[in-house]
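Student: Protein sequence lines, in the order shown, are assigned to chains A and B. For the first sequence, the positions run 1 to 505 when my numbering is used. For the second sequence, the positions run 1 to 334 when my numbering is used.
Careful: at least some of the hints might be erroneous.
[Stated by the list, open to error] So, partial list: chain B residues that the calculated Cβ filter (under 10 Å) puts toward chain A:
{"id": "1", "residue": "42"}
{"id": "2", "residue": "46"}
{"id": "3", "residue": "67"}
{"id": "4", "residue": "146"}
{"id": "5", "residue": "149"}
{"id": "6", "residue": "156"}
{"id": "7", "residue": "177"}
{"id": "8", "residue": "179"}
{"id": "9", "residue": "181"}
{"id": "10", "residue": "185"}
{"id": "11", "residue": "191"}
{"id": "12", "residue": "315"}
{"id": "13", "residue": "318"}
{"id": "14", "residue": "330"}
Treat the hints as calculated values from the structure; they're not laboratory data. The structure presented is a predicted model; accordingly, all values stated were derived computationally and were not measured. Ideal placement from N, C-alpha and C gives every residue a C-beta, glycine not left out.
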Amino acid sequence: MTALMDMLTIFTHPELLLLVGLGTFAGVYVGAIPGLSVTMAVSILISFTFSWDVLPAISLMIGIYMGGVYGGSRTAILLNIPGAPSAIATAMDGYPMAKRGEAGTAIGVTTVMSFFGGFIGIGVLALAAPLVSDFALKFQPRDYMLLAVLGILLVGSLSSGSLVKGIFSGALGIGIGAVGMDPLTFTERFTFDIPLLTQGISFIAVMIGMFGVSEALLQLHHIDLPAVRQKIDRIVPSFSTIKKHLPLSIQTSSIGVIIGALPGTGGDIAALMAYDHAKRVTKNPEREFGDGAIEGLVAPETANNAAVGGAFIPMMTLGIPGDAVTAIMIGALYIHGLNPGPMLMIDQPHMFWFIVGALITANFFMLLFGLTGIKLFTKIVEIPRAFLIPLIMLLSIVGAYAVNNSITDVYWMLGFGVFGYFMRHYGYPLGPVILGVILSRLLDDNWRRAIISEREDLGRFFGGLFSSPLSTVLFVAVVLIFVSQTPLWTKGKEMIFGRSNRSAS
Amino acid sequence: MKRFAFGAVSALVLSATGVLAADYPAKEIQGIIQWGAGGSTDTVMRSVTPHAEDVLGGTVVMQNMTGGVGAIALNYVATQSTDGYTLLMGAENPLLYKVMGLGKKDYTDFTPINLLARGTPILVASPDAPFDDYAGMMAYIKEHPGEVRFGATGPGGLPSVVTAMIETVEGELDVISVPYDGDGPALTALQGGAIDVMPAVLGAAIEGIRAGNMKPLALFDVAANEKLPEAPAVTTFNETYNDFLPWGPFFGVFVAKGTPDEVVEKLSAAYAEAATNEDFIQLMDNRGFTMMNISGAEAEDFLSTWQQNTTWLLQDAGLTKSSPEEFGIARPGE
Numbered sequence: 001m002t003a004l005m006d007m008l009t010i011f012t013h014p015e016l017l018l019l020v021g022l023g024t025f026a027g028v029y030v031g032a033i034p035g036l037s038v039t040m041a042v043s044i045l046i047s048f049t050f051s052w053d054v055l056p057a058i059s060l061m062i063g064i065y066m067g068g069v070y071g072g073s074r075t076a077i078l079l080n081i082p083g084a085p086s087a088i089a090t091a092m093d094g095y096p097m098a099k100r101g102e103a104g105t106a107i108g109v110t111t112v113m114s115f116f117g118g119f120i121g122i123g124v125l126a127l128a129a130p131l132v133s134d135f136a137l138k139f140q141p142r143d144y145m146l147l148a149v150l151g152i153l154l155v156g157s158l159s160s161g162s163l164v165k166g167i168f169s170g171a172l173g174i175g176i177g178a179v180g181m182d183p184l185t186f187t188e189r190f191t192f193d194i195p196l197l198t199q200g201i202s203f204i205a206v207m208i209g210m211f212g213v214s215e216a217l218l219q220l221h222h223i224d225l226p227a228v229r230q231k232i233d234r235i236v237p238s239f240s241t242i243k244k245h246l247p248l249s250i251q252t253s254s255i256g257v258i259i260g261a262l263p264g265t266g267g268d269i270a271a272l273m274a275y276d277h278a279k280r281v282t283k284n285p286e287r288e289f290g291d292g293a294i295e296g297l298v299a300p301e302t303a304n305n306a307a308v309g310g311a312f313i314p315m316m317t318l319g320i321p322g323d324a325v326t327a328i329m330i331g332a333l334y335i336h337g338l339n340p341g342p343m344l345m346i347d348q349p350h351m352f353w354f355i356v357g358a359l360i361t362a363n364f365f366m367l368l369f370g371l372t373g374i375k376l377f378t379k380i381v382e383i384p385r386a387f388l389i390p391l392i393m394l395l396s397i398v399g400a401y402a403v404n405n406s407i408t409d410v411y412w413m414l415g416f417g418v419f420g421y422f423m424r425h426y427g428y429p430l431g432p433v434i435l436g437v438i439l440s441r442l443l444d445d446n447w448r449r450a451i452i453s454e455r456e457d458l459g460r461f462f463g464g465l466f467s468s469p470l471s472t473v474l475f476v477a478v479v480l481i482f483v484s485q486t487p488l489w490t491k492g493k494e495m496i497f498g499r500s501n502r503s504a505s
Numbered sequence: 001m002k003r004f005a006f007g008a009v010s011a012l013v014l015s016a017t018g019v020l021a022a023d024y025p026a027k028e029i030q031g032i033i034q035w036g037a038g039g040s041t042d043t044v045m046r047s048v049t050p051h052a053e054d055v056l057g058g059t060v061v062m063q064n065m066t067g068g069v070g071a072i073a074l075n076y077v078a079t080q081s082t083d084g085y086t087l088l089m090g091a092e093n094p095l096l097y098k099v100m101g102l103g104k105k106d107y108t109d110f111t112p113i114n115l116l117a118r119g120t121p122i123l124v125a126s127p128d129a130p131f132d133d134y135a136g137m138m139a140y141i142k143e144h145p146g147e148v149r150f151g152a153t154g155p156g157g158l159p160s161v162v163t164a165m166i167e168t169v170e171g172e173l174d175v176i177s178v179p180y181d182g183d184g185p186a187l188t189a190l191q192g193g194a195i196d197v198m199p200a201v202l203g204a205a206i207e208g209i210r211a212g213n214m215k216p217l218a219l220f221d222v223a224a225n226e227k228l229p230e231a232p233a234v235t236t237f238n239e240t241y242n243d244f245l246p247w248g249p250f251f252g253v254f255v256a257k258g259t260p261d262e263v264v265e266k267l268s269a270a271y272a273e274a275a276t277n278e279d280f281i282q283l284m285d286n287r288g289f290t291m292m293n294i295s296g297a298e299a300e301d302f303l304s305t306w307q308q309n310t311t312w313l314l315q316d317a318g319l320t321k322s323s324p325e326e327f328g329i330a331r332p333g334e
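Let's have the full structure, built from the sequences with the hints guiding it.
Tutor: What follows is the structure, encoded as structure tokens:
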């Protein structure tokens with residue numbers, strides 16, 4: 001009962017309600033601008049809200065977080081530039097929809113699905129936080145490594161067309177991610193004694209360049225074509241659409257919560273894994289994936305918003321951040337005189353319920369701000385290309401600069417933009433490059449940790465794989481998914497089910 | 001003519017800085033934080049600086065500039081003009097840059113404004129570890145060589161220094177050293193059982209210890225800490241540790257060498273007063289940090305002693321890239 005009262009604190013204080021709303025509104029736009037990240041916004045807020053009380057400060061941060069994770073989908077759909085890494089998968093089917101004049105529908109589905117995913121995440125946080133955090137702690141370096149391998153296998157579903165080109169792109173991404181000073185031993189890798197390279201290559205700069213600039217360059221080919229007229233008759237998806245995708249969205253939300261709750265992974269990986277899952281389980285999509293499939297929007301958007309609630313799980317129960325944003329929030333709680341840690345939930349349960357309440361409120365505000373103003377937004381796609389292309393370039397440059405206030409990042413971004421243009425021109429998919437960069441560190445660090453922990457003995461490493469049920473399940477999943485992408489699988493299927501199955505599939 | 005013009009301009013610049021020093025701060029001051037948002041350095045700097053702003057009557061705009069173990073921020077501040085409008089807010093790491101081959105500059109190129117506080121290292125173990133204190137751990141390592149997994153954060157990090165200290169005092173340890181990105185991820189791994197022992201800073205481990213999610217083995221200090229009286233000081237197990245302790249990471253505010261004395265004085269006075277603020281002291285106490293609040297010659301002495309002790313400890317443990325001797329850092333006691 002007191003829990004309920006604490007959850008409702010926010011409604012009894014109009015100023016808190018206002019701050020959550022304000023935060024969510026700001027978050028949607030911060031999230032939509034590539035380069036401006038939620039992490040950055042929340043860290044700026046730390047000094048801004050320093051003299052405030054803890055509740056208003058947290059309210060504002062939660063609003064920005066929730067809104068920002070959602071906002072990344074906007075530019076992904078309208079301009080093919082993901083506003084945040086967690087919206088990369090959204091661009092893959094959202095942008096084709098916009099090109100077809102269905103940007104309004106895409107944004108509508110995205111908004112409702114983000115809202116749904118957000119709720120699943122919050123629900124799990126409220127009802128099963130201790131359980132999930134115990135589970136998340138069980139992940140050993142070995143398991144993170146297997147998770148990364150599982151992620152790498154997504155290359156198959158992210159590359160339409162040639163798998164070989166997809167593998168090349170993925171490997172390139174892993175290589176880009178490895179450049180710079182190795183964070184575990186401070187050894188320089190792929191730096192060729194160039195001081196500039198010791199810092200590594202900014203992942204956001206690569207992302208903005210590959211998606212934004214290459215898109216602008218590609219658009220130059222069609223400069224004379226008239227812009228696509230946007231249909232805006234139906235924005236809020238019909239109930240039957242929602243019902244149809246309910247099973248999928250529950251599955252992808254669960255993926256989101258778990259990946260979000262793992263201390264080493266966040267919404268970006270959750271969204272990509274969910275996209276892959278959707279591609280696997282959806283038998284007959286109305287449109288092919290990569291061509292504007294609704295499922296391709298439902299999956300990443302439910303997952304990345306479910307990951308928000310997920311990220312709070314280890315933070316609230318153990319004082320361990322679930323991602324970069326919750327890491328900063330832990331710092332904020334310290335500054336405001338709280339001691340985030342395993343005792344927080346016992347000493348100050350009202351804080352936990354207050355955060356749950358604020359998240360719920362932010363989720364509603366997100367729905368509200370998401371569904372209003374869509375008509376205005378879809379107009380962006382209708383802008384004549386002569387204006388749109390410079391706009392994309394401007395947004396890309398500002399975004400790349402804003403990440404680290406570094407002009408070097410802008411050069412990287414432009415370089416990768418031109419490179420990305422040629423890759424697209426020759427049919428190399430860009431998704432796997434970004435996937436590779438995201439997973440590079442996760443794979444590399446955890447493989448080293450895992451093998452070092454086993455005294456650098458491969459025999460012991462494989463022994464360990466089967467000593468823990470979690471590792472065994474992950475390992476089997478990796479093997480199955482890998483085999484299912486090879487001709488061996490189809491052959492095996494034929495052997496077992498007979499040839500008749502071939503025509504059915 | 002050229003030379004004359006150059007002289008005139010530099011004279012102008014000199015007199016200009018003189019004027020600036022008198023009504024310092026005349027514009028916004030930039031505070032460059034070496035570490036990311038939400039980390040210890042960030043928390044300390046963001047909580048003390050507003051109080052210093054009140055004393056100064058100016059604004060300090062803080063910005064996190066991460067990368068290269070803090071070297072990016074340090075090199076950035078070193079290249080700004082020495083007018084006192086760019087502060088470096090950092091931790092202990094730069095004192096190890098030279099021997100670790102991470103950079104050519106360190107705090108000797110800076111003037112300390114205030115060394116605010118220091119942390120105390122503590123050795124913690126996973127709750128499932130088959131030992132309960134420091135002596136038990138040492139005995140277990142001897143009986144089971146190559147089995148205990150120690151967390152590490154790369155050469156020069158706190159765990160590497162503490163491990164070097166243990167090896168100097170007790171002799172070679174036959175353990176596995178598993179590298180992590182920082183003490184946060186390593187302590188998470190400890191609670192999940194991926195590693196057995198982790199040398200960490202008290203503030204990062206204290207909540208986990210209170211909740212019973214990790215066991216304190218020994219506090220690396222000469223006496224027990226009042227925040228955690230049940231953790232015994234390591235000197236009670238082996239007195240040789242007295243030669244190296246107290247030792248710990250610290251947080252400080254710096255300006256580049258060459259900043260006008262008046263400006264240094266003003267800043268030092270502001271931070272010295274800010275560090276006595278009750279809220280700030282309370283926060284530092286909660287996080288298990290020991291207040292220092294020193295500046296001037298006292299701070300310079302602290303820095304050079306710290307650098308001597310630590311670099312030579314790492315040198316003797318074979319962890320450095322180049323000897324401290326090359327940079328004129330004398331062996332302690334010489």
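Student: Each hint: holds or not?
Tutor: Against the structure, the hints come out as follows:
1. 42: Since chain A brings a Cβ to about 6 Å from residue 42 of chain B, closer than 10 Å, the hint holds.
2. 46: 5 Å, holds
3. 67: Check passed: Cβ of residue 67 of chain B comes within 5 Å of chain A, closer than 10 Å.
4. 146: 6 Å, holds
5. 149: Holds. Min distance 6 Å.
6. 156: 8 Å, holds
7. 177: With Cβ-Cβ at 7 Å, under 10 Å, it holds.
8. 179: This hint holds: residue 179 of chain B lies near chain A, its Cβ roughly 4 Å from the closest one there, short of 10 Å.
9. 181: Status holds, d = 6 Å.
10. 185: 7 Å, holds
11. 191: Residue 191 of chain B check passes; min Cβ-Cβ to chain A is 6 Å, inside 10 Å.
12. 315: 16 Å, violated
13. 318: 14 Å, violated
14. 330: 25 Å, violated
Hint check: violations occur at hints 12, 13, 14; the rest are consistent with the structure.
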